[in-house]
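S.K.: Sequence:
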Amino acid sequence: MLTKTQVVDGAAIKKAIESRDGKMLSSFYADDALVRVIDRNNPPSKPREVRGRAAIAIFWDDICSRAMTHKVDTTIADGDSLAFTQACAYPDGTKVFAAAMLELKNGRIARQTVVQAWDE
Numbered sequence: 001m002l003t004k005t006q007v008v009d010g011a012a013i014k015k016a017i018e019s020r021d022g023k024m025l026s027s028f029y030a031d032d033a034l035v036r037v038i039d040r041n042n043p044p045s046k047p048r049e050v051r052g053r054a055a056i057a058i059f060w061d062d063i064c065s066r067a068m069t070h071k072v073d074t075t076i077a078d079g080d081s082l083a084f085t086q087a088c089a090y091p092d093g094t095k096v097f098a099a100a101m102l103e104l105k106n107g108r109i110a111r112q113t114v115v116q117a118w119d120e
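In terms of full-length UniProt numbering, the sequence shown opens at residue 1 and continues consecutively.
Heads up, a few of these hints could be off.
What the hints assert, rightly or not - Derived lysine to any residue pairs resembling SDA-like cross-links, with alpha carbons at most 20 Å apart: (1) Lys46 with Met101; (2) Lys71 with Lys46; (3) Lys95 with Asp73; (4) Lys14 with Lys46; (5) Lys15 with Ala67; (6) Lys15 with Glu49; (7) Lys23 with Lys95; (8) Lys71 with Ala83; (9) Lys14 with Asp92; (10) Lys71 with Gly107; (11) Lys15 with Asp92; (12) Lys15 with Ile76; (13) Lys23 with Ile76; (14) Lys71 with Ala12; (15) Lys14 with Thr75; (16) Lys14 with Ala110; (17) Lys71 with Gly52.
No wet-lab data here; the hints were simulated from the structure.
Required output: the full structure, derived from the provided sequences and hints.
M.R.: Listed below in structure tokens is the structure:
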């Protein structure tokens, strides 16, 4: 759960992602949040949709459990919108890049869209 001193902002997102803290990440979401993932396997016409904080927690736990590094490079905030880019690398050198747009409501993430690409 979010505490009064913990807000969803670029610094908090960066800390949680780079430390691979799935529990902290999932605490940022509203109960009825939606995460949409667009990539080669999930095109814009049929994105992967992860609905609800419980499912989002499983999503982040999976990502954070992988042997890889995560670096949040750029964050931009404007009112109730937050965007960031993320560069990831697996031990074998495979790289992943993601750009995410978040919509905040009442201090929590209500909607998130992620566009990602990875080395083949």
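S.K.: Looking at the structure, which of the earlier hints fail to hold?
M.R.: 2, 4, 6, 7, 9, 10, 11, 13, 17
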